[in-house]
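For the record, the sequence lines run as chains A and B. Counting from 1, position 127 in the first sequence corresponds to residue 124 in the working numbering; the numbering is continuous, with no gaps. One rule links them: number in the working numbering = place in the second sequence (from 1) + 6.
The set of hints was computed from the structure by calculation and includes no laboratory data. Take the hints with a grain of salt, since some may be wrong.
Unchecked claim - Once the Cα atoms are required to be at most 20 Å apart in a straight line, the calculated SDA-like pairs of lysine to any residue come out as: (1) A:Lys199 to B:Arg93; (2) A:Lys178 to A:Asn55; (3) B:Lys137 to A:Val190; (4) A:Lys107 to B:Lys137; (5) A:Lys199 to B:Val125.
To be verified - Output of the computed footprint for chain A on chain B, the stretches with three or more beta carbons under 8 Å from beta carbons of chain A: (6) 66 to 74; (7) 100 to 114.
Just so you know, even glycine gets a beta-carbon here, dropped at the ideal spot from N, CA and C.
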Amino acid sequence: MLHGLPDVGLVGLIATSHIISQMRLNEIAYVDSDLLPPVVVLHEGLPHSPLRIFGDSNLLATFGEAAIPADSIQPVIRKLVEWSQSKRVRLMVSMGGIPVQERQDLESVKVYGVASVPSLIKTLSDKGVEILHSGFLVGPYALLIRYCAERNIPAIALLAQSFYNYPDPEAAAAAIKEFSKITGIQIDVSKLVEGGEEIRLKARDMMKRTTEELNRMKKTQEYDLPLYV
Amino acid sequence: MAEPHRRRRSISDIMRRYAADLEMLSEELGEALRAEGPSWDLKECCVEALCNVSVAPDEVVITADMPNTDPDTINVEQTNRDALEIRAEMKRKVRFQELGITHRDGEFRFFRCQTHVPVPVDMKRMKTTFKRGILTIHLPRTKGARTKVH
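Next comes chain B alone, as it looks inside the complex:
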C-alpha cells in the first residue's frame, strides 16, 4: 500500500516548531523550578517581595513591590555576576494574624527578593529610586562589539 503523501516542511517551519516547543518547555521548567514554597521565611522573619525584571535596549530595569518599607533600610547587593539580592526592613512588623491567618504563628520584619539579571550589565553604575512603595533599579547594559552596516 502506498504511503500517504506527506507535505514536506521547510527548515523555517521546523525551526519555528522547535522554537515554540522550546519556549513551552522552558516555561514549564521555569514553573517547576519556581515550585513551590511559601512566599515567606519564618526563620529569617522575611516575606518575598514581588519582583519584575525587564530588559530594554540600554538598560535592565528591576522593580520590587515593597509596601510598608522604611526606604532608609533598603539594601541592594550583588550576590553573583548576574544576580542581585534586595533586602529592606518594614516600617512595622507584621504578624500572621494581621494577614488573616490564625493557624500559624510568627512575624515578619523584612522584605527580600533575589533576582537574576538576564544580560550583562554594569553593576557599578546601578541607580535606584523608591516611590509609592516600589523600588526601581536601573542597570546600564554593557555594550558588545558593534558592526557597521554598509
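Next comes chain A alone, as it looks inside the complex:
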C-alpha cells in the first residue's frame, strides 16, 4: 500500500498521483472524519473526500488532496494503519521528501530509505537504497513508520532529497524509480520529468497550504542533529 500525503516538496503526493494515473487505479474507499478540514474536492462536478484510497487487486494508494491539520495527523494516520492491517496489507510504502538546502544545485537526487523492521533495512540496502541511519522524521510519514513498527507491519519510507516548500516533481520521479526497484512495479516517469514545470505551477497553492501545516508541526526539526552521547 502506497501513501501519498502532503509533505515537503509534495514529493509523495506528486509521486502517488502519477502512479495512480499511470496504473489507472480506481477510487475504492475514502476517509470520512471530522478531523479533516471542511473541504470537498470536486471532480467532474461530484464531491469527493480530500483523503481517498485508490487501488486494484495488487496495489492500494492513499491520496490526500488537502493538507491534514497538524493537530489531526496522529489519529488520522493511526486509523489508516489500523485499516491497512485489517486489509492484510503486505507492505506499506511511503514516498516523501527530505529537505535539503540549495536543492536547485543538485544534479541528481539521492533517495534515502527507512524501514519499520530490520529485515526491510536489509532489503533496502540490498537494492542499493542508502539508509537514513540517524536523525529526525516529522509528520505523516514519521508516524506511519512508527505505528507500523509498533504493530510489526512491514513498512518503508523512500525519502528523496527535495525542496522544503516548493513542489518537486524531479524528487518524486527519483522516489518512484526506487519504488520500482523494490517492488518490481515498473512506472514510466518521463511525463513527470517532462511536465515538471507545469506540475510546479499547478501545485503552488497546495504547497502553500501544506507549508503552513508543516510549520505548525515543527517539520524543520528534521534539520536538527540527534543527541547520542
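Given chain A, put chain B in place with the hints provided.
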C-alpha cells in the same frame, strides 16, 4: 480557608512563557495578515510565486519558485528600504483551463513576488542566479558595531 500553595515562578520561567505566547501570537497575526486572497491577480495577469527568505550570519538569501519563466525577463526591484519585488514573464501564457479550472476565465503571463527583508542588507551588492526555475537572491548583511571580548 488557607490559600492553596502556589509555586513561585522564576523570572526566566515567566519570560520563557511570555516569549512562547508572543511567538504563538505573532504566528497567528502573520496568518491573519496573510489571509487570504487568491494566489493570482487577473487584472495584472500574474500569479504569486512561492518564495522563501532565510537569514544567515553574513547574508539574506531569498529564493522564488518560478517554473516556466524566461530568465531574461526577471526583474528584482527594491520597493522600500526593507522590501523587494520580483517580477518575471512566463515563457508561455497559462490559462485557467490548463490548470484544471473550468469555471473561471483568464490567463497569466507573469510571476510576481513581494517580500520583506527582515534585517538590514546592502541592496547594492545584491547577486542573483536562476537555476532549475529557482531564482536565488543573495543580499549581504550590513555590519553593525563590533565589541571585542576580553
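Mind checking the alpha carbons of Lys137 of chain B and Val190 of chain A for me, to see if they're no more than 20 Å apart? Roughly 16 Å separates the two Cα atoms, so the pair holds.
Holds or violated: Lys178 of chain A to Asn55 of chain A, with C-alpha atoms at most 20 Å apart: 17 Å, holds
Is the coverage entry for the region 66 to 74 of chain B by chain A consistent with the three-residue Cβ rule at 8 Å? holds (count 4)
Lys199 of chain A and Arg93 of chain B were given as a pair; does the straight-line alpha-carbon distance stay at or below 20 Å? 19 Å, holds
Given pair status - Lys137 of chain B, Lys107 of chain A, alpha carbons within 20 Å: 19 Å, holds
Quick check: do three or more residues in the region 100 to 114 of chain B have a beta carbon closer than 8 Å to a beta carbon of chain A? holds (count 4)
Taking only the CA atoms, is the gap from Lys199 of chain A to Val125 of chain B under or equal to 20 Å? 32 Å, violated
Checked against the numbered hints above, the structure violates only hint 5.
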